[in-house]
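Participant: Per UniProt numbering, the sequence shown starts with residue 1, numbered consecutively.
Keep in mind that the hints are not guaranteed to be accurate.
[As the list claims (entries may be wrong)] In silico DSS-like links for lysine-lysine, alpha-carbon gap of 30 angstroms or less:
{"hint": "1", "residue 1": "Lys165", "residue 2": "Lys130"}
{"hint": "2", "residue 1": "Lys304", "residue 2": "Lys236"}
{"hint": "3", "residue 1": "Lys190", "residue 2": "Lys236"}
It is worth saying that the hints were derived from the structure and are not from the lab.
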Amino acid sequence: MSSTRRSKFLQLDAFTKTEEDVRVRTNSGGIITIACMLATLVLLFKEYSQLTEVVTKSQLYVDRDADAKLALNFDITFPHVSCDVLTLDIVDEAGELQLDMLDAGFTKTRCGPDGAELATEDYTMGTDFKPDPSVVQNRAADYCGSCYGAGAEGACCRTCDDVHKAYLESGWAFYDGANIEQCEQEGYVKHMNAHILEGCRVRGSALLSRIRGNIHFVPGKSYLGKNDDETRISHKHDMSLYAMHRSLNFNHIVHHLSFGQPVADTHERMRKSHASEIATSPLDGREVAPDRDSHNMQYSYFAKIVPTRYEYLNDKHAPVETTQFSATFHSRPLTGGRDVDHPTTFHFRGGFPGVFIYYEMSALKVINREQHAQTFAGFLLNCITTIGGILAVGTVADRLLFKAQTSMWPKKSQ
Numbered sequence: 001m002s003s004t005r006r007s008k009f010l011q012l013d014a015f016t017k018t019e020e021d022v023r024v025r026t027n028s029g030g031i032i033t034i035a036c037m038l039a040t041l042v043l044l045f046k047e048y049s050q051l052t053e054v055v056t057k058s059q060l061y062v063d064r065d066a067d068a069k070l071a072l073n074f075d076i077t078f079p080h081v082s083c084d085v086l087t088l089d090i091v092d093e094a095g096e097l098q099l100d101m102l103d104a105g106f107t108k109t110r111c112g113p114d115g116a117e118l119a120t121e122d123y124t125m126g127t128d129f130k131p132d133p134s135v136v137q138n139r140a141a142d143y144c145g146s147c148y149g150a151g152a153e154g155a156c157c158r159t160c161d162d163v164h165k166a167y168l169e170s171g172w173a174f175y176d177g178a179n180i181e182q183c184e185q186e187g188y189v190k191h192m193n194a195h196i197l198e199g200c201r202v203r204g205s206a207l208l209s210r211i212r213g214n215i216h217f218v219p220g221k222s223y224l225g226k227n228d229d230e231t232r233i234s235h236k237h238d239m240s241l242y243a244m245h246r247s248l249n250f251n252h253i254v255h256h257l258s259f260g261q262p263v264a265d266t267h268e269r270m271r272k273s274h275a276s277e278i279a280t281s282p283l284d285g286r287e288v289a290p291d292r293d294s295h296n297m298q299y300s301y302f303a304k305i306v307p308t309r310y311e312y313l314n315d316k317h318a319p320v321e322t323t324q325f326s327a328t329f330h331s332r333p334l335t336g337g338r339d340v341d342h343p344t345t346f347h348f349r350g351g352f353p354g355v356f357i358y359y360e361m362s363a364l365k366v367i368n369r370e371q372h373a374q375t376f377a378g379f380l381l382n383c384i385t386t387i388g389g390i391l392a393v394g395t396v397a398d399r400l401l402f403k404a405q406t407s408m409w410p411k412k413s414q
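Take these sequences, add in the hints, and give me the full structure.
Facilitator: Structure (structure tokens):
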């Protein structure tokens, strides 16, 4: 019974053996064996390094967070625009207007023409100008200052700010408030002329809707006024003070510009290792300062934004919802005419001087996940195939070399 079972197992043996007496050992076989062992160790070490290596895998999905707000983060210096003149507005295709955004939670720092920071002021009222309290308090309770023909008929303007608002309602140019009693008494005119040649550095964040829109830095207070045909309300700016000073321009330095949550320094390795033509802040460090007169220049950036999530292998780091974007730059003179650098290009006339950022959101989202380059099961499989492959190649090489030696030795001996 046992002999029969043993014979069946013998028929199933796939690893046949040879007798030790018929084996032939050669020097070339020993060399090939050592080479195979070294190659196997090198390849196994490479497989182990891939097991411990962390890589980023990107996948594309439909963005399901289209209703969520998107954070805008920026830090920009305008060396030749005063903080008292600079205005930030955000407009999107849904008709949502966010006017005078720099008066709501942003930090504005006065700078010299060389970019050196002077002081950070409180700009909650659009400028850091604070009327002399003694002047305002000494006015009689029934004081009814003139609005100089602006606003509603018979309206009273107690302060310089009241006159300014009345001018905006009428669509009139306010300039620096010169020859307006309230502004002269409160020191507004003196203040504006003292700061008009300064620069401004703005830092802060705002929330955007995830639809197409534009962000623009322009001179003068923004307001909603009627068009010339008196039938439509449109978005306008009082640029009279900017027009008075030809030395003002919107040359700028982009220290930082991004959309979404910032990527922390501890996560930089993953972000930098991700091979992509776009990045979370590709405009950082960009400086625009053309040699020609740029008083009436408009600078535009066209940003294509792709929502992006970074998911980290280490559970200590929460996923980061941010974006990547690419930007195209364009500049044109508001006076129109032929382009200086491209004689065949003509620009239309009109528009606002300033920096415009036109953004467009992608409907797709990129999710970058950290993961090991190889699973443990894959590591074992690759180790087995590596060892088997090296042995197979070594066996073939040994047989060929042995065959060549046995065929040549008889001839040499003759």
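Participant: Determine for every hint whether it applies to the structure shown.
Facilitator: Here is what the structure says about each hint:
no.: 1; hint: Lys165 x Lys130; result: holds (16 angstroms)
no.: 2; hint: Lys304 x Lys236; result: holds (26 angstroms)
no.: 3; hint: Lys190 x Lys236; result: holds (26 angstroms)
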